[in-house]
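As you go down the protein sequences, you meet chains D and C in turn.
Read in order, the letters of the first sequence correspond to residues 1 to 112 in my numbering.
Read in order, the letters of the second sequence correspond to residues 1 to 111 in my numbering.
Possibly wrong hints are sitting among the right ones.
[Stated by the list, open to error] Computed footprint of chain C on chain D, listed as stretches where at least three residues anywhere in the stretch have a Cβ under 8 Å from a Cβ of chain C:
1. 40-46
2. 70-83
[Unchecked claim] Using C-beta positions, here's what the derived DEER-type ranges look like:
3. N73(D) x E41(C): 22 to 30 Å
4. T44(C) x R108(D): 28 to 36 Å
5. G95(D) x G58(C): 33 to 41 Å
Think of the hints as simulated: they come from the structure by calculation, not from any bench.
Where is the CB? At the ideal position from N, CA and C, for every residue including glycine.
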Amino acid sequence: DAGITQSPRYKITETGRQVTLMCHQTWSHSYMFWYRQDLGHGLRLIYYSAAADITDKGEVPDGYVVSRSKTENFPLTLESATRSQTSVYFCATEGVTYNEQFFGPGTRLTVL
Amino acid sequence: GQNIDQPTEMTATEGAIVQINCTYQTSGFNGLFWYQQHAGEAPTFLSYNVLDGLEEKGRFSSFLSRSKGYSYLLLKELQMKDSASYLCAVRMSGSARQLTFGSGTQLTVLP
Chain D
1 DAGITQSPRY
11 KITETGRQVT
21 LMCHQTWSHS
31 YMFWYRQDLG
41 HGLRLIYYSA
51 AADITDKGEV
61 PDGYVVSRSK
71 TENFPLTLES
81 ATRSQTSVYF
91 CATEGVTYNE
101 QFFGPGTRLT
111 VL
Chain C
1 GQNIDQPTEM
11 TATEGAIVQI
21 NCTYQTSGFN
31 GLFWYQQHAG
41 EAPTFLSYNV
51 LDGLEEKGRF
61 SSFLSRSKGY
71 SYLLLKELQM
81 KDSASYLCAV
91 RMSGSARQLT
101 FGSGTQLTVL
111 P
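The whole structure should be built from the sequences, with the hints applied where relevant.
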């Protein structure tokens, strides 16, 4: 039981294609987050969710869409991928009683 | 928005002590976190400070001064496995648990 998983772990796609990155947790944590990590920028928040059906934009939301119909899943969709979206994407969760975010293993996305 | 500063790179010797500093903007501050990230892996939680003072956890300690907008992570008895990136992150009051991360400090431990 891995706690938080991401799929795929690696993805190569082409400019203009739609891509969905999956995030699944088994802890029933209320909060879920999507970050991207690029050299020189550290981790930047794309979108977050405080509970099922509650989502909001982070620092860099343009070009991304999220949904959260179930507590355990938080998919991130790139509607029309661009080269600038080549990055490592991390999903994270946090429970209400915690002060700690738990990170998934990451998805390395390359947009050609 | 929040602006977090930490050194880009640091080098230290095995067995030594190293201090990684982090400064942030104090307005609306509601907690400071340190994460460790090995190359190619996910960040893992090291510490959380919300009150002034030193929190010790084994070889790692974290210090916070809220009035100065300053924190440091202290690593003692350095080991080769401590070579990693150390990320400072700040939580703002009123946020839904969002964190703003610094760019990270790449620590290299030499034999």
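When you take the CB atoms of N73(D) and E41(C), is the distance between them in 22 to 30 Å?
23 Å, holds
(Q) Taking the Cβ atom of T44(C) and the Cβ atom of R108(D), is their distance within the range 28 to 36 Å? (A) 18 Å, violated
The hint says 33 to 41 Å between G95(D) and G58(C); measuring C-beta to C-beta, is that right? About 23 Å separates the Cβ atoms of G95(D) and G58(C), which means 33 to 41 Å is violated.
Is the coverage entry for the region 70-83 of chain D by chain C consistent with the three-residue Cβ rule at 8 Å? violated (count 0)
Taking a Cβ-Cβ distance under 8 Å as contact, does the region 40-46 of chain D have three or more residues in contact with chain C? holds (count 6)
Hints 2, 4, 5 from the earlier list are contradicted by this structure; the remaining hints agree with it.
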